[in-house]
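Protein chains: 2
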Amino acid sequence: MIVCKFGGTSMADAAQFHQVKKVIEQDPRRQIIVVSAPGKRFPSDQKVTDLLIQSFYEQSPEASRRVIERFSAIQSQLGLPEELLTDVINELQKRVSSTDGELSERLDAVKAIGEEFSARFFAAFLQSQGVQAVFADPRDIGIVMTSPPERATLHEDSYARLKALNESSVIHIVPGFYGYTVNGKLRTFERGGSDITGSILAAAVGAELYENFTDVDFVYAANPNIIENPIQVEEITFREMRELSYAGFTVIHDEALMPVYRKQIPVAIKNTNNPLAPGTKIVGFRPLTERPVTGLTADQGFSILYVSKYLMNRELGFGRKLLQIIEEEGISYEHTPSGLDDISVIIRSHYLDARKEQRIVNRVLQELGAEVAYFRHGLSMIVLVGEGMQNSTGLAARATAAISATGANIEMINQGSSEVSLVFGVLEEDQVKIVRALYNAFFLPVKVKS
Amino acid sequence: MIVCKFGGTSMADAAQFHQVKKVIEQDPRRQIIVVSAPGKRFPSDQKVTDLLIQSFYEQSPEASRRVIERFSAIQSQLGLPEELLTDVINELQKRVSSTDGELSERLDAVKAIGEEFSARFFAAFLQSQGVQAVFADPRDIGIVMTSPPERATLHEDSYARLKALNESSVIHIVPGFYGYTVNGKLRTFERGGSDITGSILAAAVGAELYENFTDVDFVYAANPNIIENPIQVEEITFREMRELSYAGFTVIHDEALMPVYRKQIPVAIKNTNNPLAPGTKIVGFRPLTERPVTGLTADQGFSILYVSKYLMNRELGFGRKLLQIIEEEGISYEHTPSGLDDISVIIRSHYLDARKEQRIVNRVLQELGAEVAYFRHGLSMIVLVGEGMQNSTGLAARATAAISATGANIEMINQGSSEVSLVFGVLEEDQVKIVRALYNAFFLPVKVKS
Chain A
1 MIVCKFGGTS
11 MADAAQFHQV
21 KKVIEQDPRR
31 QIIVVSAPGK
41 RFPSDQKVTD
51 LLIQSFYEQS
61 PEASRRVIER
71 FSAIQSQLGL
81 PEELLTDVIN
91 ELQKRVSSTD
101 GELSERLDAV
111 KAIGEEFSAR
121 FFAAFLQSQG
131 VQAVFADPRD
141 IGIVMTSPPE
151 RATLHEDSYA
161 RLKALNESSV
171 IHIVPGFYGY
181 TVNGKLRTFE
191 RGGSDITGSI
201 LAAAVGAELY
211 ENFTDVDFVY
221 AANPNIIENP
231 IQVEEITFRE
241 MRELSYAGFT
251 VIHDEALMPV
261 YRKQIPVAIK
271 NTNNPLAPGT
281 KIVGFRPLTE
291 RPVTGLTADQ
301 GFSILYVSKY
311 LMNRELGFGR
321 KLLQIIEEEG
331 ISYEHTPSGL
341 DDISVIIRSH
351 YLDARKEQRI
361 VNRVLQELGA
371 EVAYFRHGLS
381 MIVLVGEGMQ
391 NSTGLAARAT
401 AAISATGANI
411 EMINQGSSEV
421 SLVFGVLEED
431 QVKIVRALYN
441 AFFLPVKVKS
Chain B
1 MIVCKFGGTS
11 MADAAQFHQV
21 KKVIEQDPRR
31 QIIVVSAPGK
41 RFPSDQKVTD
51 LLIQSFYEQS
61 PEASRRVIER
71 FSAIQSQLGL
81 PEELLTDVIN
91 ELQKRVSSTD
101 GELSERLDAV
111 KAIGEEFSAR
121 FFAAFLQSQG
131 VQAVFADPRD
141 IGIVMTSPPE
151 RATLHEDSYA
161 RLKALNESSV
171 IHIVPGFYGY
181 TVNGKLRTFE
191 RGGSDITGSI
201 LAAAVGAELY
211 ENFTDVDFVY
221 AANPNIIENP
231 IQVEEITFRE
241 MRELSYAGFT
251 VIHDEALMPV
261 YRKQIPVAIK
271 NTNNPLAPGT
281 KIVGFRPLTE
291 RPVTGLTADQ
301 GFSILYVSKY
311 LMNRELGFGR
321 KLLQIIEEEG
331 ISYEHTPSGL
341 DDISVIIRSH
351 YLDARKEQRI
361 VNRVLQELGA
371 EVAYFRHGLS
381 MIVLVGEGMQ
391 NSTGLAARAT
401 AAISATGANI
411 EMINQGSSEV
421 SLVFGVLEED
431 QVKIVRALYN
441 AFFLPVKVKS
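Which chain is which? The protein sequence lines are A and B, in order.
Mapping to our numbering: the first sequence position 54 is 54, numbers consecutive.
Mapping to our numbering: the second sequence position 400 is 400, numbers consecutive.
Pulled out of the complex, with its shape left as it was, chain A reads as follows (with noise of 0.2 Å):
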């Protein structure tokens, strides 16, 4: 069985629709099928979810009234019922306008609307098309969502009852983003979305393959923005696929990878309008290819915490009470070189304001009797990823030569905790010319083994 998700630009009309039913149509094995709400058609349009959200902060008939428009649209071409579009009409009235619950509560109401019908007209389509399916509501298939205090996530007692979607037969539309709590409540998923449903169903009912049909045909080895046509990656690892979302480099959110990377399974990131281009499938292993470097990926906006003192690395405890320093500040860091005398924390810098660094300056000097602390600003870390890299004689090697070719100063190298990357930090206005010295010495000359 295969879990299928299907993104916001995938059910943005009624010829996306079309499309979608084509793709699930294409293997009998895409059983479970999770919709996000309709998405941007074109660039300069609105979600449905920013004018779900619109509706409830502002209580603005006008954002309402296109979040109807967009459902009318998808009613009146596919000719689905009357009813549902009243029902949207009902919900979204009744919804917005309530008083029952908390804030938080009533958002999270109005938010889901856009995936509920989503799923309920996907449903409704797939019907009057002959297919064998169902609208599945989370409250009926037990997508159990914890209650406050905790941020709301899913509730772990729910894989057990969800596996039993393993045994029908029926094709299943799944709204995603958002379940219920046991006292009835619906909440959504703080992070993931959409993505996060399709995962827990794919790890609940052990699918063989969890697909996650998006707006792109691959993920690439690099940004497109700053390397021309990148190289597309077919085959990934969970842990490079962590590593690369270093800088946001990702279609798909991180959290919502946890399920199916517990269980392994594997996921496949394809293009709804091309579903027949093999797309990018992040795997526990993969074998070893000629290439080390899986992908690149960069990010600026990074400061440092420059800490010294003499006979430093004597005092037991010093590293981990500057830590906690830091933590005490709601901060978390990134990497922590260290020298015998000396010990740098790289932190992302909109978690710093100069309050907060005179603060936790003044504190290292006089609790931690540090002779030396300040924050440097400006700095870009740049990532290389790949499972071929421990194995590799010399890759440091050639990176750092890459580097020094283009006259930057290297600032910072991390290696050797992580398996798969190897991590540079250097001055922002450096990153676009390093990454593309580093994209031509991994990318470019594919080696041959003779």
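A portion of the hints provided could be inaccurate.
One copy or any two copies: either way a pair holds, since identical chains are not told apart in the list.
In silico EDC-like cross-links for lysine to aspartate or glutamate, where the CA-CA straight-line distance does not exceed 20 Å [as the list claims (entries may be wrong)]:
1) K263 <-> E371
2) K321 <-> E371
3) K185 <-> E91
Read the hints as simulated data drawn from the structure, not as lab findings.
Since the structure of chain A is provided, determine the placement of chain B on it from the hints.
Positioned in the frame of chain A, the structure of chain B alone reads:
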């Protein structure tokens, strides 16, 4: 004013006393002279301090007899007054058999006999030769030690009183290694021995130079046991010296350097028996030369704790909690390279044993919810040290190319905190060939700027 310290081999016998006198007379600024206990006269010889420890622990008349023999030889060969030797015999007898005070206090009192009488004999010798010199009792000049339960170290108030030595025109011969608590108890320094006494005095009087006379002409750029005739270092900064000491590559204990480091008083490492050779000078700042790397050191016996967990970098405090677990085992760590979902902790293997490792792995898996946690052993750390490194584009490329040419793999790279070091983790069996390759890359062909 110059403060000089003469080590054990410099005070080993009557001939060396003559040589030290000659050295002192070569520069009238040499006004404060710190001496060690008589050391080895030949490789299989025993140091007086070791004999004293044996006398104390084994209550061995044989060891005491050999201590007295050493001083007796010096006394007779230099024609010093008989009563000096009688004092040695009496003090040794009294202190070895004393039952007054705690064990560690009694041991300290015995150990200090070597330095005390080295200084008393040397002062008497200088006087007999018409030199204006006095024995400076640590109690009289004010070397005040902290009292238990604190670790025996200098009481910070000492500096003010010691400063008075500045005003005297006679040469002070100060025994190294010990001082007295405010309650009059003799205590020896736990670390750094006579080196630290010299460093304290140089800092206290604001000396223009602290000369540390020992039995080497120079600090070498690399270990002469691995590299034949390594380059001699003429000038090195305090922080370069510290980084080189990573692998025990040191002629002066780095805690002993703290007092002069704080006041940025330059230190000269010189050979008593070749005093006109320039030696190696340790300074706060030095102009950069065409050679970016000053030295190269390596040490084996490191282990790595590898920990991975999907989405680790989203967890605030993961790294801090990991370091806390290690700290609770009383273990210091060296470096913590990290990827997105993994972190490694590099630890000197002598801190570990099978039980500790098991406890740490269990806690990391259970308390931190890690998916993977294990130790690897048998690693070496190789450190390139140099003030010029930070400004040298391509240095990492040159180093990694040299390593890669040996066919060895690089297990870890740590760069980016220390401005003066670049650390490579490699397999122990590759250490020697990599040290040779790096030495050849950075020291053999001196690049002349065109």
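Do the hints match the structure? See the list:
1. K263 <-> E371: Close across copies (13 Å), not inside one copy (49 Å); limit 20 Å.
2. K321 <-> E371: Within one copy, since 16 Å is at most 20 Å while 25 Å is not.
3. K185 <-> E91: So K185 and E91 pass the 20 Å test inside one copy only (15 Å; across, 88 Å).
When the structure is compared with the earlier hints, no violation turns up for any of them.
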